[in-house]
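**Student:** These are the residues of each chain, in order.
There are 2 protein chains.
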Amino acid sequence: MAIIDKDKYSIVLIGAGNLATNLGKALKSKGFHIVQVYSRTRESASKLATLLNADTTTSLEEVREDADLYIVSLSDSAFEKLVPEITKGKNKGLFVHTAGSIPMSIWEGYTDHGGVFYPMQTFSRSREVNFTRIPVFLEANDDRDLQILSYIASELSSKVHIISSEQRKVLHLSAVFACNFTNHMYALADHLLRKYDIPFDVMLPLIDETTQKAHQLSPKEAQTGPAIRYDKNVINKHLELLADEPAIQELYERISQSIYKEGK
Amino acid sequence: MAIIDKDKYSIVLIGAGNLATNLGKALKSKGFHIVQVYSRTRESASKLATLLNADTTTSLEEVREDADLYIVSLSDSAFEKLVPEITKGKNKGLFVHTAGSIPMSIWEGYTDHGGVFYPMQTFSRSREVNFTRIPVFLEANDDRDLQILSYIASELSSKVHIISSEQRKVLHLSAVFACNFTNHMYALADHLLRKYDIPFDVMLPLIDETTQKAHQLSPKEAQTGPAIRYDKNVINKHLELLADEPAIQELYERISQSIYKEGK
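In order, the protein sequences belong to chains A and B.
For the first sequence, the numbering used here assigns the number 393 to the initial residue and increments by one for each residue that follows.
For the second sequence, the numbering used here assigns the number 393 to the initial residue and increments by one for each residue that follows.
One chain only, chain A, in its complex shape:
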């Protein structure tokens, strides 16, 4: 038997960014009720609330006090400032945030029912993601809270993990390397190709294979290219080619050094 009754369980979203949008849509598609969406701007709040068939507000004071679950998905700095306002007057509900780098202890002194619901994925507004494959990392002090979060998370995803704040911090940092920095490597390739009128699309088979390899080999085993071979000949040609791009040239040099060092 489910630990909660979806029909009677009310969820408020605090924040209406990319993560909140994707999470809200996934929750709704699984039969959960989002009753209200808060966002600082009317436009964002309305846009998401319409999708979710929920009420909206742009004032934290107007956030309903009777909800069962408050999912807070704001920028880290905004969230850290607003914790007192977010929790004020709401003694019953469970509060979770979705941030990789904020410890669960942020709730201490404000609510006994604080936790974390961290879906590790890169969310862009223009692209719908399949939530089933997104790992969700949970944390809560209270056993029942953790059971509720586990139930909700496993309705959305097949990969639910319970981890500590310390581990989550490292996960988030690692995700920056594996996702954000990786995408920037694509952006730099795109930047260079554009200068010679070569479309970025020619890189896609190579990019796909690099990803496929990560499923089969450890990154260390999969490493190829001039840096791991310490092929000064090729490296110098590349640095020459980047003579008019000093910032990219320096990055090339430093990443190459790092590859060589890590490979030893």
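No lab work stands behind these hints, which were simulated from the structure alone.
Mixed in with the good hints there might be a few duds.
A pair holds if it fits inside one copy or across any two, identical chains being indistinguishable in the list.
Stated by the list, open to error - With a straight-line cut-off of 25 angstroms between C-alpha atoms, the simulated SDA-like cross-links for lysine to any residue are:
#1 Lys-624 x Ser-467
#2 Lys-653 x Leu-633
#3 Lys-587 x Glu-453
#4 Lys-417 x Gly-485
#5 Lys-653 x Leu-631
#6 Lys-624 x Gly-485
#7 Lys-480 x Arg-456
Start from chain A and add chain B according to the hints.
**Tutor:** Okay, now just chain B, sitting in the frame of chain A:
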């Protein structure tokens, strides 16, 4: 009608590394005849020659002089030194190299039938690649040579392009960013996760989605994470977490700056 008769067309591979191995296997599977494999070491030569049902040699002087096509796939520095020896006494054959960063002009003065056959992919010995999806970039001075190379390349791949040495240099450099440097970002994530006993596998859904996005959005549009938002709060937490890894910390800082700069 095919421009050459596969049954009567003989190919020699000079080099037996990852690229030569993958290319040789793909050629054989399409009915081409690899008659001989040269490698500096007996072991590599024999290993590949056995797969291809070819003769072997470890001496460039013993390379057959009557072959139709010589595919040279050596390290750039070895190749540059060996061009005279490779071409010596062979007046009939077509010579191509497979290097991204070496111009076609390397053949000048040694043969009138020099060209380039550059399959842009990351080859690891332990992983078989599907050649059909690998873009192959060709170059040749002689029209008939270019027709022959186009025929062979299109037997292997659906993506055959004719480009200049200058464009190929930029392609190769861009591939280092999109593949080698990307893989290193995975390696750094793996390095950090290991310290906290978190398996690298948890990153795979995120890595897959980052790649999928590259098919749909430009890298600039797809960029997410603390650096593009210039979220000092999160960036500083990450730098703190990397306090005992000064080299990775510096890389984190520089790549973040580059993301912010490129995003403006």
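**Student:** All hints are to be evaluated individually against the structure, with a verdict given for each.
**Tutor:** How the hints compare with the structure:
no.: 1; hint: Lys-624 x Ser-467; result: between (43 angstroms within a copy, 11 angstroms between copies)
no.: 2; hint: Lys-653 x Leu-633; result: both (24 angstroms within a copy, 20 angstroms between copies)
no.: 3; hint: Lys-587 x Glu-453; result: neither (52 angstroms within a copy, 43 angstroms between copies)
no.: 4; hint: Lys-417 x Gly-485; result: within (21 angstroms within a copy, 63 angstroms between copies)
no.: 5; hint: Lys-653 x Leu-631; result: both (19 angstroms within a copy, 20 angstroms between copies)
no.: 6; hint: Lys-624 x Gly-485; result: neither (61 angstroms within a copy, 31 angstroms between copies)
no.: 7; hint: Lys-480 x Arg-456; result: within (11 angstroms within a copy, 85 angstroms between copies)
The structure does not agree with the numbered hints 3 and 6 stated previously, though it agrees with the rest.
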